[in-house]
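**Q** Let's have the full structure, built from the sequences with the hints guiding it.
From first to last, the protein sequence lines are chains A and B. Residues in the first sequence are numbered consecutively from 1, following the numbering used here. Residues in the second sequence are numbered consecutively from 1001, following the numbering used here.
Hint data in this document are derived by calculation from the structure and do not stem from the laboratory. Remember, it's a predicted structure, so these values are computed and weren't measured experimentally. Mixed in with the good hints there might be a few duds.
In silico DSBU-like pairs for lysine-lysine, Cα to Cα no more than 30 Å straight-line [unchecked claim]:
id, chain 1, residue 1, chain 2, residue 2
1, B, Lys-1044, A, Lys-194
2, B, Lys-1073, A, Lys-61
3, A, Lys-70, B, Lys-1127
4, B, Lys-1006, A, Lys-194
5, A, Lys-63, B, Lys-1044
6, A, Lys-63, B, Lys-1017
7, A, Lys-59, B, Lys-1175
8, A, Lys-83, B, Lys-1195
9, B, Lys-1006, A, Lys-146
10, B, Lys-1160, B, Lys-1189
11, B, Lys-1172, A, Lys-194
12, A, Lys-63, B, Lys-1095
13, B, Lys-1175, A, Lys-218
14, A, Lys-194, B, Lys-1032
15, A, Lys-63, B, Lys-1032
16, A, Lys-108, A, Lys-146
17, B, Lys-1175, A, Lys-137
18, B, Lys-1032, A, Lys-146
19, B, Lys-1127, A, Lys-61
20, A, Lys-59, B, Lys-1172
21, A, Lys-70, B, Lys-1092
From the derived model, a few chain B residues whose C-beta atoms are all more than 10 Å from chain A [as the list claims (entries may be wrong)]:
id, residue
22, Glu-1039
23, Lys-1095
24, Glu-1123
25, Lys-1160
26, Asn-1171
Glycine included, every Cβ here is placed at the ideal spot set by N, Cα and C.
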Amino acid sequence: MARQYTFDQIEDYLDGNLPEGERLDFEREIESDAELKNEVSRHIQARKLNEFHARQQLKEKVKNIYDQVKAEESPSAGFSMMKIAAVIALFILAGGYFYVYQTYSSGKMVENAFEPYPNRYGTMGDQLEDTFIQGMKYYDMENYQKAIDIFREIPESDPQYVPAQFYLGVSCFSGDEPASSITAFQTVIAQDSKLYNEAATWYLSLALLENGDEDKAKEYLREIVNNDEYRADKAQKLLRKLDSPLRYLPGVD
Amino acid sequence: MFRKKKYSDELLVNAIKTGGKEEDDAITYLIKNEYGKIENLIIKRNGSVADAEDIFQEAISVLIMNIRNGTFKGESSIATYLFAICKSMWFKRFKKYIRETDYQTNMIAYDVDESTPEIEILEDEQKALLNELFGRLRENCKELLLWWGSSYSMAEIADKLNFSNAQVAMNKKNKCLSQLRNLMDQDPKVQMLVKELGL
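**A** The structure is reproduced here in structure tokens:
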């Protein structure tokens, strides 16, 4: 090497911290000095290996979180949650009437069990003209009334009719229209959609419960549990709550 | 009526920049809310659930890196950006598969963003070697290099590691990197790994 550069000087160059004049001189020297060029390459390799390692660590972390989320959604995790719920129920027996109300009144049970179904469709630019996707945009924004208006426009002949009916059901339910959501979910189930049948059954049971038809709701919940369908864990939890003697305490339901 | 906590894009960006538990919660939120769309996209385009999981996890990592290093500028929503990364990664992988199997198809010519990284798959042995190499670094160096390799700025690293300023963080980074390079030079297996990874 014609001129000796320190480790820090080479790093300053690679970090972009050299003043313009020094940077140009340095680059000229790299071109003419094979030893310096090799030294810089080794720096770059170490930097790249470090970045690679950091990416791997991040990927491991994402994977672990992903596995954890999926495990929590699995029926076996639901079983553990039920055990916890049982402990909580004992605690309730010991004292908190208010908590009993919060947990066992059918309205609260439905509220606790419900969460909007995720949007399985993109809302990308190339699909913006699509009526269904327009509805999904409003659904994503939780503007359920607009979403309902749009989904209702989609005719039976449209290939998106079943998903539109499904998301119409969820939107009606979120917008406090359980009776309308029952009709929409029954439509989906009648179409026997592979993609939405199970989820529609789950939401239908909630809508029936919300609408006061507990016996019919329980029939669907049992069907979900027996067939290990979508949200079987939550259905089982709900059935236990519905059958709990705590519900017969005065004023709970 | 039934509202669950929803992150705005701004909150997601801040949580990812902060790191730690806040970042973990943001990742959990993205998995719960965005995975379904990606699975739908990939299955519709001849992929499997395993493909969807791979692509989605890789894309989340890319999104996080791009938020940290400023490549993500918020010109589109995070959901749209993540979807675009997944779409691009999937078509890249699918094209490679088609090339490898020499399968004739009337596939639509998709516009693949060439800057999207391909999925890096490490063999267990390579993983072990890499972990062993970084395990030989001093504890403080391991942490500093991890933050630096994760695209945090020197000012952010100084803040996280309680250095007085960015220049101190920069000096420490140089020392730690020098230590890493010496370890690399001493280990022929690591040199081989570097070649295999094309670094």
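**Q** Against each hint, give a clear statement of whether it holds in the structure.
**A** So, going through the hints one by one against the coordinates:
1. Using a Cα cut-off of 30 Å, the hinted pair B:Lys-1044 and A:Lys-194 holds, with the two alpha carbons roughly 14 Å apart.
2. For the proposed pair B:Lys-1073 and A:Lys-61, the alpha carbon gap of about 24 Å is at most 30 Å, so the pair holds.
3. A distance of roughly 24 Å separates the Cα atoms of A:Lys-70 and B:Lys-1127; the hinted pair therefore holds under the 30 Å criterion.
4. The suggested pairing of B:Lys-1006 with A:Lys-194 holds, with an alpha-carbon distance near 29 Å, which does not exceed 30 Å.
5. Distance check on the hinted pair: A:Lys-63 and B:Lys-1044 sit about 23 Å apart at the alpha-carbon level, within 30 Å; holds.
6. About 19 Å separates the Cα atoms of A:Lys-63 and B:Lys-1017, which keeps this hinted pair within 30 Å; it holds.
7. Under the criterion of a C-alpha separation no larger than 30 Å, the hint pairing A:Lys-59 with B:Lys-1175 is consistent with the structure, at around 26 Å.
8. Pair hint A:Lys-83 plus B:Lys-1195 does not hold up; C-alpha atoms about 52 Å apart against a cutoff of 30 Å.
9. This hinted pair checks out: B:Lys-1006 and A:Lys-146 have alpha carbons roughly 19 Å apart, not beyond 30 Å.
10. Taking the CA atoms of B:Lys-1160 and B:Lys-1189, the gap is about 33 Å. The hint is violated against a cut of 30 Å.
11. Note on B:Lys-1172 and A:Lys-194: the hinted pairing is violated, with a Cα-Cα distance of about 58 Å set against a maximum of 30 Å.
12. Taking the CA atoms of A:Lys-63 and B:Lys-1095, the gap is about 25 Å. The hint holds against a cut of 30 Å.
13. Taking the CA atoms of B:Lys-1175 and A:Lys-218, the gap is about 66 Å. The hint is violated against a cut of 30 Å.
14. For the proposed pair A:Lys-194 and B:Lys-1032, the alpha carbon gap of about 21 Å is at most 30 Å, so the pair holds.
15. Our distance criterion of 30 Å between C-alpha atoms is met by A:Lys-63 and B:Lys-1032, whose separation comes to about 13 Å.
16. Between the alpha carbons of A:Lys-108 and A:Lys-146 the distance comes to roughly 26 Å, so the proposed pair stays at or under 30 Å and holds.
17. Among the hinted pairs, B:Lys-1175 with A:Lys-137 is inconsistent with the structure: their alpha-carbon atoms are about 51 Å apart, more than 30 Å.
18. Restraint check for B:Lys-1032 and A:Lys-146: satisfied, since their Cα atoms lie roughly 24 Å apart, inside the 30 Å limit.
19. For a cut-off of 30 Å, the pair hint linking B:Lys-1127 to A:Lys-61 stands: about 14 Å separates their Cα positions.
20. Using a Cα cut-off of 30 Å, the hinted pair A:Lys-59 and B:Lys-1172 holds, with the two alpha carbons roughly 26 Å apart.
21. With a C-alpha separation of about 27 Å, the suggested pair A:Lys-70 and B:Lys-1092 falls inside the 30 Å cut-off, and the hint holds.
22. A beta-carbon of chain A is positioned within 10 Å of the beta-carbon of B:Glu-1039; the least distance is around 8 Å.
23. Every Cβ of chain A is farther than 10 Å from the Cβ of B:Lys-1095; the closest lies at roughly 19 Å, confirming the non-interface assignment.
24. The claim that B:Glu-1123 is not at the interface with chain A holds, since no C-beta of that chain comes within 10 Å of its own (minimum 12 Å).
25. At roughly 14 Å from the closest C-beta of chain A, the C-beta of B:Lys-1160 stays outside 10 Å, upholding its exclusion from the interface.
26. Not every CB of chain A lies more than 10 Å from the CB of B:Asn-1171, the least distance being 8 Å, so the non-interface label is violated.
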